[in-house]
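Colleague: Using the sequences and the hints, build the whole thing.
Protein chains in written order, with our numbering: chain A, 1 to 546; chain B, 1 to 148.
Everything labelled a hint here was simulated from the structure, so no lab data went into it. These numbers were taken from a predicted model, which means no experiment stands behind them. Treat each hint with caution, since some may be false.
Below, a sample of chain A positions facing chain B; criterion: calculated Cβ distance under 8 Å [said to hold, decoys possible]: (1) GLU310; (2) VAL312; (3) ARG314.
With a cut-off of at most 25 Å between alpha-carbon atoms, the simulated SDA-like pairs for lysine to any residue come out as follows [claimed, not checked]: (4) B:LYS55 <-> A:PRO263; (5) A:LYS9 <-> A:GLN492; (6) B:LYS72 <-> B:VAL114; (7) B:LYS3 <-> A:GLY304; (8) A:LYS104 <-> A:PRO442; (9) B:LYS141 <-> A:GLN492; (10) B:LYS72 <-> B:PRO148; (11) B:LYS141 <-> A:VAL409; (12) B:LYS141 <-> A:LYS104; (13) A:LYS98 <-> A:PRO263.
Here a beta-carbon is modelled for each residue, glycine too, at the ideal position from N, C-alpha and C.
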Amino acid sequence: MTKIGWHEKWTLRFAVVALIWLAINGFEGILMRTQLSAPGALHGVEAALNLLRPVGREPSSAEVFYSMLTAHPICGIYGFAYMSVMGAFYFLVPFLLKKEIRHKSLVPLNFWLQTVSVFVAWGAGFFLLFDSLYTLYWPLPVSYDRVPLVGSIVFAVGAAGIMVNILLFSFNIFSTVLSKSNPHSYSLGQFLRSAFGIAQLRKRLGRDKEDDPQPDFGSLPVFVVSVARGSVDTVINAVVLLTAGALILVYGLAVLFHVPLNPAAVNALVYKNWFWWGLDMVADGNVLIYSAGVWYLLVPLLVGRKLYGEAVVRAVILADLLVSLGVWSHHLLADRPQPLVMRLLSGQLITWGEFFTMGLTIFVSLYTIWLARPVKLTPPLKFVLGSIFGFLMGGAAGLIQANVGLNLVLHNTQWVISTHAHTMLLSGLGMLIFAVIYALIPMMTKLEIRSRWLVNVHFWAWIVGSTVMAWAMGLAGIQGMLRRTLYPLPNQYEPHMVVALAGGILIAVGFLAFLVNIIGTLGWGNVFGLVVPERRSQPQASGTAA
Amino acid sequence: MEKEERIWFGVLILVFLVFNIVTLSPLVPWQQWLLWSSPTPTQRVAIEFENYEIKLPPNGDVLSASKGIQVKAGEFVEFTATSRDVTYGLGAFRPDGTMAFQMQVIPGYQNRLVWKFDTPGMYDVRSTEYSGPRHSEMLVKNAIQVMP
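Modeller: What follows is the structure, given as structure tokens:
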């Protein structure tokens with residue numbers, strides 16, 4: 001059995017829980033696909049799951065469907081994606097900077113707080129039938145004739161826990177990046193000025209001296225620059241969603257204590273702008289910046305060549321951060337009271353900024369691979385290419401819908417959630433996370449991935465399944481099928497939904513191949529070693545895997 | 001910026017210009033009146049949303065299948081939608097199920113959209129935004145009759 005070091009063990013623990021959430025996420029996805037293609041087939045499953053639900057009545061199929069739809073992105077984003085990111089960054093940032101995590105005690109705290117908080121928020125939907133959806137459009141989450149009061153309060157508590165944990169994680173990452181990297185200590189203001197490129201700009205304009213003690217993003221590895229700048233979006237996202245969660249919690253507790261507040265006191269459109277501005281820091285902020293950072297890290301590592309055009313890459317990351325602050329209105333293109341100038345600029349034209357930043361990022365990554373020919377198509381490189389394919393396809397779909405004209409017939413259709421969102425998440429982000437896992441396991445454990453055949457099964461089942469599912473749903477969307485809507489049978493979209501279900505099952509096959517391969521690689525002893533409580537001892541230094 | 005990057009950046013700019021010019025132009029038919037002109041509607045239709053119901057004119061009652069909003073093809077109609085509780089969506093769907101147009105119905109606002117139907121026929125109205133577990137029931141078949 002390989003001895004796995006302290007950092008590596010925590011990274012793997014994050015990965016294990018992330019994969020459990022992905023499995024739950026996939027299970028929910030299959031159930032919802034089934035509900036849309038053959039509703040009657042789920043009565044038995046519904047009855048069994050209802051036994052676990054402490055709601056004192058038998059919920060309708062619609063309540064179960066929509067509460068699952070609410071829980072689904074919570075475990076997908078904050079369970080799978082965020083836990084993967086936390087685990088990977090807690091290994092990679094100190095590894096690349098050759099220094100320790102600044103606050104080691106926060107690592108297990110982050111792990112447990114994220115695990116428990118995601119479970120609480122997800123459970124509010126899955127078990128307590130909180131069915132406001134992740135969009136939380138005001139005043140739906142406090143309309144207690146439509147959503148359950150207890151579920152709403154529990155969801156807000158769980159969401160607040162997640163956001164506080166993300167802030168703690170970001171604090172630890174910032175602290176680690178900035179600690180000892182310079183003999184001086186930095187204020188938050190200095191860090192932000194540097195993150196937004198203002199410090200460098202002032203030096204170029206001669207306003208500050210070249211040796212001015214600012215945090216120097218120019219000297220950090222590109223991946224770390226991405227982590228730091230992406231984490232600015234992460235923090236904004238957490239703060240904004242924390243305020244939304246707190247608002248829902250206050251309204252819920254007020255009802256609980258018989259002093260109900262007036263929902264109309266909050267302007268629904270202002271709230272929607274605030275909420276999407278923050279939420280979009282994930283979709284159009286840290287996902288893109290972190291993903292770019294991982295490509296910048298993995299591609300040179302995997303092909304053994306320096307990243308092409310690194311100077312431009314640093315500017316692109318900064319541009320990505322700036323663009324991400326101004327694109328949220330593409331979620332409000334169908335809101336006629338939203339000023340036209342906002343819809344046109346923020347909703348459409350600034351959104352195209354991502355076309356340039358991601359276009360250059362993908363070009364740089366692919367051109368680096370091209371220049372490194374001949375390259376060995378290793379498992380992580382294969383999945384890196386798959387993720388680029390996913391971001392290309394999902395990004396193109398996103399630009400089509402983020403359009404003041406075309407959004408009129410695409411908004412809230414299956415196109416939006418499948419051809420764009422699920423493609424970005426499953427084909428793009430999902431395959432990138434798998435690439436990281438395939439790359440990190442040998443780095444951390446000195447163990448080679450056991451079966452190439454299973455890697456290929458995983459790759460092809462995942463990419464074909466996610467593409468088939470995305471396009472089946474997307475074509476239904478073009479033909480008028482709405483997302484978040486149950487259609488009684490018979491309906492014209494049944495064939496699309498059956499094909500989408502088949503795509504979902506193919507994804508599940510790929511995931512199983514991956515699990516079998518990873519467990520086979522690590523060995524049951526190491527896998528159990530991740531969950532067996534370790535003796536209290538001083539954490540070992542990074543890179544102690546033997 | 002290296003030569004290859006400059007070339008690629010040029011390609012990106014070209015795609016950006018072509019796509020946005022085309023989609024903002026009247027080549028997308030409804031951009032003619034939503035973006036490039038402010039036509040005076042010949043008819044105004046007020047629709048209210050409340051408690052999972054779509055209340056259509058003339059009396060604000062839930063419309064029966066035998067009645068309908070009658071509009072003429074080729075004329076501009078202004079739809080005004082209001083909500084008395086949560087956010088809904090107003091969507092008009094052609095007989096083949098495809099969407100003609102939609103807008104969000106934000107509570108506390110007069111949500112307006114001018115539309116010109118090209119093709120005569122019966123159109124369904126459906127709420128396009130999730131408003132609670134009964135959202136899927138918010139469908140009025142044959143709500144709009146577009147006459148030649």
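Colleague: Each of the hints needs a verdict: does it hold here or not?
Modeller: Status of the hints after comparison with the structure:
About 10 Å separates the beta-carbon of A:GLU310 from the nearest beta-carbon of chain B, more than 8 Å, and the hint is not met. The interface hint given for A:VAL312 is met, as the beta carbon of that residue sits about 5 Å from the closest beta carbon of chain B, less than 8 Å. A cut of 8 Å between beta carbons decides the hint on A:ARG314: the least distance to chain B is about 12 Å, and the hint is violated. This hinted pair checks out: B:LYS55 and A:PRO263 have alpha carbons roughly 22 Å apart, not beyond 25 Å.
Among the hinted pairs, A:LYS9 with A:GLN492 is inconsistent with the structure: their alpha-carbon atoms are about 50 Å apart, more than 25 Å. Under the criterion of a C-alpha separation no larger than 25 Å, the hint pairing B:LYS72 with B:VAL114 is consistent with the structure, at around 13 Å. Between B:LYS3 and A:GLY304 the alpha-carbon distance is near 23 Å, which keeps this suggested pair within the 25 Å criterion. Under the criterion of a C-alpha separation no larger than 25 Å, the hint pairing A:LYS104 with A:PRO442 is consistent with the structure, at around 23 Å.
Proposed proximity of B:LYS141 and A:GLN492 is supported: the alpha carbons are some 15 Å apart, at most 25 Å. Distance restraint check for B:LYS72 and B:PRO148: the Cα-Cα separation of roughly 6 Å lies within the 25 Å cut-off, and the hinted pair is therefore satisfied. Distance hint between B:LYS141 and A:VAL409 is fulfilled; the C-alpha atoms sit about 19 Å from each other, no more than 25 Å. Taken as a hint, the B:LYS141 and A:LYS104 pair is broken in the structure, with Cα atoms around 61 Å apart against an allowance of 25 Å.
Among the hinted pairs, A:LYS98 with A:PRO263 is inconsistent with the structure: their alpha-carbon atoms are about 51 Å apart, more than 25 Å.
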